[in-house]
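Those protein sequences? They're chains P and C, same order as listed. First residue of the first sequence: 0, per numbering that gives the first Met the number 0; consecutive thereafter. First residue of the second sequence: 0, per numbering that gives the first Met the number 0; consecutive thereafter.
Keep in mind that the hints are not guaranteed to be accurate.
Keeping only pairs whose Cα atoms sit at most 30 Å apart, straight-line, the calculated DSBU-like set for lysine-lysine is [claimed, not checked]:
id, chain 1, residue 1, chain 2, residue 2
1, P, K76, C, K335
2, C, K335, P, K38
3, P, K65, P, K182
4, P, K114, C, K335
5, P, K3, P, K65
6, P, K38, P, K176
7, C, K359, C, K206
8, P, K38, P, K65
9, C, K206, P, K65
10, P, K193, P, K248
11, C, K55, C, K28
12, C, K166, C, K86
Every beta carbon over 10 Å from chain P, so not counted as near; a handful from chain C, in silico [unchecked claim]:
id, residue
13, D6
14, A87
15, R139
16, I164
17, G169
18, I224
19, E229
20, G235
21, Q261
22, T276
23, I282
24, L286
25, N336
26, D343
What follows is a list of derived Cβ distance ranges for each label pair [what the hints assert, rightly or not]:
id, chain 1, residue 1, chain 2, residue 2, range
27, C, L286, P, S2, 32 to 42 Å
28, C, E112, P, I57, 28 to 38 Å
29, C, S234, P, I57, 22 to 32 Å
Simulated from the structure, these hints should not be mistaken for lab results. The C-beta atom is built at its ideal place from N, Cα and C for all residues, glycine as well.
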Amino acid sequence: MKSKGRLVAAISGGVDSSVAAAICLEEGYEVIGVTLKLKDCDDSRERRKACCGADDFIHARLAAAKLGIPHYFLDLKADFARDVLTYAWNEYRVGRTPNPCVMCNFHLKFGALAKYADGLGAEGLITGHYAELERCADGQINLRHAADDEKDQVYFLAMLTRQQLSFCRFPLGNITKMQVREKAASLGLSNAWKAESQDACFGYKGENFSRTLAEYFEADMPAGEVVTEDGKIVGYHDGIHNYTIGQRKGLGIALGSPAYVAAIDAENNRIILTTNPERLKSVCIETSKPNWLVDMPDEFDCEAQIRYNQTPVQAHVVKHGSDKTIVNFKTPVTASAPGQLAAFYNDRLVLGGAFIDRVVQ
Amino acid sequence: MRRIYLDYNSTTPLHPGVLEEMMPFFNTKFGNPSSLHFSGREAAAALDLARCRAGKLIGADVDEIIFTCGGTESNNLAVAGIARRLKAARNHIITTSVEHSSVYDQCVRLENEGFKVTYLPVTRQGEISLNDLEQAVNERTALISLILANNETGTILNTEGVREIAKKAGALLHYDAVQAVGKIPVNVIELGADLLSLSGHKIYGPKGSGVLFLRRGVALQSVFIGGEQENTRRSGTHNVPAIIGLGKACEIAGAELEEYSQHCARLRDRLQSGILTIPDSIINGCLERRIPNTLNASFPGHYGSGLAVKLDLAGIAVSTGSACSAGRNEESRVLKNMGLTSRDLLGALRFSVGRHTTEKEIDYTVQRLAEIVSAENSIGNKLNIVNLDKL
Numbered sequence: 000m001k002s003k004g005r006l007v008a009a010i011s012g013g014v015d016s017s018v019a020a021a022i023c024l025e026e027g028y029e030v031i032g033v034t035l036k037l038k039d040c041d042d043s044r045e046r047r048k049a050c051c052g053a054d055d056f057i058h059a060r061l062a063a064a065k066l067g068i069p070h071y072f073l074d075l076k077a078d079f080a081r082d083v084l085t086y087a088w089n090e091y092r093v094g095r096t097p098n099p100c101v102m103c104n105f106h107l108k109f110g111a112l113a114k115y116a117d118g119l120g121a122e123g124l125i126t127g128h129y130a131e132l133e134r135c136a137d138g139q140i141n142l143r144h145a146a147d148d149e150k151d152q153v154y155f156l157a158m159l160t161r162q163q164l165s166f167c168r169f170p171l172g173n174i175t176k177m178q179v180r181e182k183a184a185s186l187g188l189s190n191a192w193k194a195e196s197q198d199a200c201f202g203y204k205g206e207n208f209s210r211t212l213a214e215y216f217e218a219d220m221p222a223g224e225v226v227t228e229d230g231k232i233v234g235y236h237d238g239i240h241n242y243t244i245g246q247r248k249g250l251g252i253a254l255g256s257p258a259y260v261a262a263i264d265a266e267n268n269r270i271i272l273t274t275n276p277e278r279l280k281s282v283c284i285e286t287s288k289p290n291w292l293v294d295m296p297d298e299f300d301c302e303a304q305i306r307y308n309q310t311p312v313q314a315h316v317v318k319h320g321s322d323k324t325i326v327n328f329k330t331p332v333t334a335s336a337p338g339q340l341a342a343f344y345n346d347r348l349v350l351g352g353a354f355i356d357r358v359v360q
Numbered sequence: 000m001r002r003i004y005l006d007y008n009s010t011t012p013l014h015p016g017v018l019e020e021m022m023p024f025f026n027t028k029f030g031n032p033s034s035l036h037f038s039g040r041e042a043a044a045a046l047d048l049a050r051c052r053a054g055k056l057i058g059a060d061v062d063e064i065i066f067t068c069g070g071t072e073s074n075n076l077a078v079a080g081i082a083r084r085l086k087a088a089r090n091h092i093i094t095t096s097v098e099h100s101s102v103y104d105q106c107v108r109l110e111n112e113g114f115k116v117t118y119l120p121v122t123r124q125g126e127i128s129l130n131d132l133e134q135a136v137n138e139r140t141a142l143i144s145l146i147l148a149n150n151e152t153g154t155i156l157n158t159e160g161v162r163e164i165a166k167k168a169g170a171l172l173h174y175d176a177v178q179a180v181g182k183i184p185v186n187v188i189e190l191g192a193d194l195l196s197l198s199g200h201k202i203y204g205p206k207g208s209g210v211l212f213l214r215r216g217v218a219l220q221s222v223f224i225g226g227e228q229e230n231t232r233r234s235g236t237h238n239v240p241a242i243i244g245l246g247k248a249c250e251i252a253g254a255e256l257e258e259y260s261q262h263c264a265r266l267r268d269r270l271q272s273g274i275l276t277i278p279d280s281i282i283n284g285c286l287e288r289r290i291p292n293t294l295n296a297s298f299p300g301h302y303g304s305g306l307a308v309k310l311d312l313a314g315i316a317v318s319t320g321s322a323c324s325a326g327r328n329e330e331s332r333v334l335k336n337m338g339l340t341s342r343d344l345l346g347a348l349r350f351s352v353g354r355h356t357t358e359k360e361i362d363y364t365v366q367r368l369a370e371i372v373s374a375e376n377s378i379g380n381k382l383n384i385v386n387l388d389k390l
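Let the sequences and hints guide you as you build the complete structure.
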């Protein structure tokens, strides 16, 4: 049987990427599995996941063997440390909230790995992302929301360039997670009913990402004041990196009514709290480093999403030059955080994305 | 797809005669050789036959054979066992910078425990200098551990004069002969070896079997303790089927040594001629002193890991170096310490032929390799990520 062409599949060890590879294999492509190694073993503390992902590696290898495809490990530890961890920590240090998954997609999965796939003579890279790609006759490639709303991951793909997208294959874009699991089970994959592992690719048990990063970089973040909006000192913090805007839990401070992190004032090393949830809402954000997947005019209406678990809201976007973009929300949005990604949509279509720099209340 | 296996230094298939010999010891002759009863005796006798066969292959007596689970264990036990036993009187070890990791890493660990280790440099051909050895050895030297045939390049070490230097200093001499045995004559008496390691699965025996030759009268501190098997030097119930297989493999290797080595040399040399027709290719190691089945070649400007993947996808199995360090995100220590430039050593591939290799396979391999190298040269899609990894 003549193969339709060669594709490389990023196989993480999870069910999604394994099934994505299987679908392309069934379509008649020659598929080569590659698993990324992103971090070293560290047996010093208990991890949420197995140290260095060794459990995922075993499932990845089992899946590849089950599918009968060649499989290799690709060591991108140095890239991960540089492009994801160092980036993320540099953001936390200045009071911003990084988006490591966006960077990992841009630099690693659809960067270094795509380059590797190209070197292997592959004509595309398969991943298990829930997103749809539409290849138009005029060469335009459209990124669209996945059929499974619950699993839709286009938010994390909004910063990929058109060139990167043109190399992508997202076979799970038009099916549901349940269908993926059922397919995995019917193929006899060991990871068919494995628990989700979306978050915390770099976390320890009972510890958030920023705290893990601080230990990783052996950073000595100074303690500082926690203040109310009118400047009253109500407590002390152990480093601004441990706080995110909108955070309510784990503040350890009683103000009579529920308190939220309203702002992170990196310059004065202060965390500013509010008891008024309305203060978390913003009507406008300023963004930079935009990535447009569709040619957009200088001003347009769209839907905007400012973090993964937020329902997009109607917005009006105004470009100021090639870097700066002002986004005005039609309805106020809670807890916009500098450093996070703003993604722009028109119905099912992804228009692009940009990083939040400033929040206007 | 056609499958061609050119990685016999990594491991070999079981010889049918070996498998046949092993089979009864999985079921009917299942006894524990340490038992006093008939079932144990049956297994113990079979074990002793294996001991005779292993001893015969390397010129050792039956009581000088310790069965281990493989080359790594034999090397670990030799180096750590002697060092720890002699620590009070002698705390110095001499080895080379091109050892297999099972010796090298053990030496590094012993350094952390307070031992002093000298890593002898080697020439571009992989040879040590006797002068360096003489300079390094002293009255505190417990052990000299040397790799007899290098696993990556196949270079046979220049051992002439080594035993005299060791003897003069009262140091013990260990050879890692894992890649040498079965390919060249190896004799512990001629080598003047006090210890010598070999592995079963490199000579068409089963994986998980190995031997440490320990000269009569030499004591070591064991690593495994408890059951007092192997005269207390290696505790733990014997892996009887594997040991039986190892013994048979040793017998066959000895009987067929000359024929096997000629077969390998003929094919390896054919491969070498073919590879040398590929522009800019170079052969690494010593061409004159080399085990007959091994060829290490560099394709400067290309990446060995990338070439290995492309050959794999074409159904041809080769490696970039030792299977025990394949794909670690680092350059080959062995080639680096032989003085290869970064460009040359990153472009290195190891080919090792064996019993089932044919001329047709060699010719096909050369043809495909030439195509891959030439394609990388013309369209420039060299796999420029060197850190291919394994679990």
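Numbers of the earlier hints that this structure fails to satisfy, in rising order: none
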